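J.: Here are the chains, one letter per residue:
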Amino acid sequence: MSRLIELVGITKVFGTQTVLDNISLYIRQNEFVTLLGPSGCGKTTTLRIIGGFEQPTSGGLLFNGQNLLSTPPYKRQLNTVFQRYALFPNMNVAENIAFGLKIQKASRGEIQTQVANMLKMVNLEGFEKRNVASLSGGQQQRVAIARALVNKPKVLLLDEPLGALDLKLRKEMQVELKAMQQSLGITFVYVTHDQEEALTMSDTIVVMNEGKILQIGTPEDIYNEPNCAFVANFIGESNIIPGLMIEDYRVNFCSREFKCIDKGLGKNTNVEVVVRPEDVEITSPESGVLTGVVENVIFKGVHFEMRINTQNFIWKVHSTVQAQKDSTVGITIKPELIHVMPLRGATPLANSNGFGSHLAASLLHGDNNAPGEKVAE
Amino acid sequence: MKRLFVFPYTLWLIVFTVIPIILVAYYALTVTADGQTSFTLANFRWFFEGMTPGEPFFQRLYVRVAMRSVYLALISTAICFVLGYPLAYILASKGFRNKSFLLFMFIAPMWMNFLVRTYAWLTILERNGLFNTLLQRAGLPQIDILYTDTAVLLGMVYNFLPFMVLPIYTSLVRMDKRVIEAAQDLGANPVNVFTRVVFPLSLPGVVSGITMVFMPGAATFIISNLLGGAQYFLLGNLIEQQFLRVGNWHTGSVVAVILMILMVISMAILKLVDRGQAEEEGARV
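Chains Y and C supply the protein sequences, listed in that same order.
Each step along the first sequence adds one to the number in my numbering, with nothing skipped, and position 106 is 106.
Each step along the second sequence adds one to the number in my numbering, with nothing skipped, and position 281 is 1281.
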């Protein structure tokens, strides 16, 4: 599949603050790409640069291989669903949706048909004449989506579109949006700070922090193979333990040596070890590599959430097996579930079990999507 | 509790609005002859027939005064709008640097007394005033603007312009800038963004601007008196003349009532136009 949008070394400086620091990334046709990161990480600015509402300080933006930066927003073949929707308050629902078509000078009949189609798609039939201010958040959100999609854009940019909705509605809309994207075959570029939303909907997730891209990959990649402690911690919960890489496949943490599958980090290097709470196995005290005291047990429905103190570290553990509070238990971790990360600020190394490769080759993020696509890289 | 707070305002309204209006209406509908007061429409007849009852309606003296008042108020409102909207737009645009300074410069004259400012125009526009001196220096022929419609209009526009600019400026500044981006995003070029989004959304400001210029414009008498000369008659001057110089409260009141009716009609028309626009927008889909 071809590269539809390409950001090449984009930097954006507001005053003295560097909001985006040399961002490179490409988005392919029909892809659902999510820019994920905490607030202030530059994800919205990235979206606004693609939409044309901000100009980068330096760098390039290509659309189908053509320079897009000199094109004003109203000439770009993209549409945006804005944070908090930005519907036109002086127009009713139908007029809001018809706006783009009127600008294109579509015929009256054409406008009516299209608006009716859109209202049907977003389940708002009968709302034509309603004042947009009288709609609920979820309804306004649907109008905003219909207003953008009626123009049949090649790309839909969505800036935290579900942020203002309550949890239940948000979940419903996530499913609906994903279904819409698949049935319409439109490229979605989605901005959110909600990691769960990103995991649910995306084909590709771009994790950002402090104006930099940390990792690009499929939801599975990002979750299972985070390439740094930040990503590991931001996407789901993690135990992050300071450790020492003795040599390839051998790492020491919590005063014990563990086997692992990481290599290429050098000998006797300080590292960070990341272990997901659900990857920590609880055993009898005798058969555990580490032993610790259960300090806290919380029932979470599907699993128990526990805090286990092993003298030099307090482990977050998710398990369907309940350990008794204040009892002593053993802990083991399978080698393939131990993720060794270079320390923050250190240069990530390629080939360290594939973790670093995403960052080192952030431009080549397609390498772990559908199998057949590898060739294109 | 709420009632207690509302009370002073209610009292204020009764004393300074309701009672005066009733009094004015009472005087307008009565005449006093030989110490006897009786209800009559004679004052209205006096106004509409004027000194020259034989002439066609629109050429009668006071009818002409009323028409000129409305005409000048309309023209000055239109000029204020044409000058004021772009100014408000420039002031409200975010790219504009010395915004607060310009706004200050624009509002500063309002701190000065209205009368003083109008007198200043008198000296500027005089035959040997600043304006003509400058024309002379430039080698151009002098012109007598003072005591003409132009001078009165100039005075009205000068004095009322801030009342047009400020409400429009406020409505533009308060406007959600994201709807402008949304319009651009949906393919609207700058002209379309303005005509379809910015201007419609600033209409409340425009309407209050028009109201705030047209009302005092139709009622003014100081500006017309100073810059139009003693012979220059608008409804405001007529009211002043009847009350203070002729001393006839009945005829003075009837002019005031007619002025009020004219204003109510104008505001009703403005409302109708405003609503008509909204409906027309609605009908387009």
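Since the hints were made in silico from the structure, they are not lab data.
Bear in mind that the values here come from a model prediction, so they are computed numbers and not experimental data.
Be careful, since some hints might not be right.
[Unchecked claim] Below, a list of computed lysine-lysine pairs in the BS3-like style, where the Cα atoms sit at most 25 Å apart:
| id | chain 1 | residue 1 | chain 2 | residue 2 |
| --- | --- | --- | --- | --- |
| 1 | Y | K129 | C | K1094 |
| 2 | Y | K102 | C | K1177 |
| 3 | C | K1094 | Y | K75 |
| 4 | Y | K171 | Y | K325 |
| 5 | Y | K300 | Y | K168 |
| 6 | Y | K75 | C | K1177 |
| 7 | Y | K334 | Y | K267 |
| 8 | Y | K171 | Y | K102 |
J.: A separate judgement is required for each hint: does it hold in the structure or not?
T.: We went through each hint and held it up to the structure:
no., hint, result
1, Y:K129 - C:K1094, "34 Å, violated"
2, Y:K102 - C:K1177, "21 Å, holds"
3, C:K1094 - Y:K75, "22 Å, holds"
4, Y:K171 - Y:K325, "34 Å, violated"
5, Y:K300 - Y:K168, "18 Å, holds"
6, Y:K75 - C:K1177, "19 Å, holds"
7, Y:K334 - Y:K267, "22 Å, holds"
8, Y:K171 - Y:K102, "33 Å, violated"
Violated hints for the displayed structure, listed by number in ascending order: 1, 4, 8.
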